[in-house]
Amino acid sequence: MPLRFRHKAPIVVFAAAALTGCAINPQPLQIDELRAITRADWQKAQANVPPLTAPLSLSEAIARALKFNLEHRAHQLEEAHAAGLLEAGRFDMLPKLVAGVGYYTRDKDLVRDSINATTRQPNLSNSISTEKDHTVADLSLTWSLLDFGASYYTAQQNADRLLVAGERRRRSMHNLIQNVRAAFWRAASAQKLEAAVRENIALAESALADARKVTDERIKAPAEMLRYRRALIENLRTLEAVQQELGLARVELAALTNLPPGTRYQLVEPAADELEPQPLALKLDAMEEIALTRNADLRESAYNVRIAAADTRKSLLQLFPGISFNYSVNHDDDRFLVNNSWNEAGLRVNFNLFNLLSAPARLEAAEGNERVYEARRMALQMVVVSLVHLSAQQYDNALRQYQRSDELATVDNDLLKLSRRAAEVQKESQLSLVAARTNALLSELRRYQALAAVHASASRVQATLGLEPAIGSLDDMSLPDLSKAIDDALRTWQKDPLAAAAMESAVAQPVRLAERQ
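The sequence shown begins at 1 in UniProt numbering and counts up one residue at a time.
Treat each hint with caution, since some may be false.
Below are the EDC-like pairs computed for lysine to aspartate or glutamate, each with C-alpha atoms no more than 16 angstroms apart in a straight line [claimed, not checked]: (1) Lys132 / Asp333; (2) Lys192 / Glu269; (3) Lys132 / Asp332; (4) Lys314 / Glu370; (5) Lys132 / Asp107; (6) Lys213 / Glu224.
Since the hints were derived computationally from the structure, they do not count as laboratory data.
Start from the sequences and build out the full structure, keeping to the hints where you can.
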């Protein structure tokens with residue numbers, strides 16, 4: 001390669017790279033690319049989801065949601081990412097060990113003039129002390145005290161951020177369980193009532209057709225028949241609204257459990273004890289004690305205070321001088337060097353004097369940030385205590401509404417039986433029978449809706465207290481084992497050992513003078 005071209009080649013390569021960078025333009029995804037991405041994402045989302053081979057129980061629905069719900073999976077991946085950042089950040093505290101190699105070339109010799117040190121007269125001959133082409137290599141170890149301190153506090157913050165991600169995953173779990181429980185009971189009501197709703201709609205449409213025929217034939221007074229038809233249409237509209245509401249519940253439950261849209265599935269009929277919810281066994285002072293130590297939002301705020309405190313300590317580091325130590329092993333194949341290999345060590349202290357001026361303001365800002373997070377934590381404590389009382393009151397209200405709905409459903413079913421007997425002997429019209437069946441269906445629907453509200457309120461209480469199934473790693477548990485663990489947790493959550501310990505602690509040191517009557 002000619003010498004002139006060899007020295008111009010790097011310039012040409014650099015210019016070409018710069019021009020290529022300037023030529024980059026936005027490139028929107030094409031329809032085919034978007035379709036390919038969608039297909040790949042769909043296949044990945046459904047890859048490990050086992051198909052339903054039996055009726056779906058509440059515990060299995062929650063287990064499927066925890067394992068396969070994509071939003072909850074995203075929170076799990078965020079926690080795993082935080083763990084990776086913590087592991088990677090630990091290496092920042094190590095010294096920097098850098099290996100380097102380089103090649104140097106010149107198109108002309110490095111010729112130097114010199115003068116005599118005594119006479120100050122120019123020497124008659126020039127000298128060359130460096131080759132035009134030579135290779136250097138070195139291995140250097142560098143350690144900075146300030147960098148180590150900053151990395152140490154950053155690692156502590158990463159550890160707390162991992163714990164924050166864990167609390168966010170717990171909050172996601174609480175919300176998911178709450179949504180699945182509510183959707184399951186609405187879907188259970190759909191499964192139980194959809195056949196009766198279809199039958200009653202068919203009966204109402206038949207009665208409406210007969211009423212139209214009577215109106216056309218003018219057998220009865222027009223005003224009477226119009227009122228009759230209007231009542232039938234009102235009942236039909238109510239029944240169709242119920243039918244639509246029931247259908248949406250099954251779609252919502254399928255989405256939460258990551259079942260493919262349109263999947264037809266059956267639900268396990270609720271057990272007798274599940275249809276008879278009981279009042280809360282925990283006392284309010286015990287619930288406050290549990291919530292103040294286990295609530296996910298409150299624990300996250302406590303970790304955020306620690307992260308802010310670490311920022312304050314990092315600001316204090318700027319008041320100290322920087323002390324760095326370096327040691328390196330070097331080699332240069334320049335033939336003019338007497339020693340081609342040598343070791344080098346150094347100790348350096350530096351200090352930015354302007355830090356003395358800016359440090360107080362930075363420290364005040366960091367401490368102010370810490371005070372903000374402390375104030376948020378204190379405010380959140382009061383919010384959590386209020387939520388404990390609110391969730392308990394909502395559970396009591398939901399339970400009372402369920403009891404009223406259950407009693408009303410019993411009354412409407414008895415009225416339906418009377419209407420059927422009267423219709424059999426033609427003492428009542430089809431309208432009365434349709435109205436009685438509609439009222440009975442609506443009461444049964446409201447009963448299931450009230451039961452769903454009771455279970456949603458129970459989940460809200462658990463979320464406020466920070467109680468969730470002790471299930472460990474979701475990836476390490478099979479779906480049947482996870483379903484069993486969740487079933488046990490749903491039945492015994494008020495007898496949780498942590499809850500029992502909190503009750504004993506609350507009796508000894510009550511947080512609030514409140515007690516459930």
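So which of those numbered hints doesn't the model satisfy?
none
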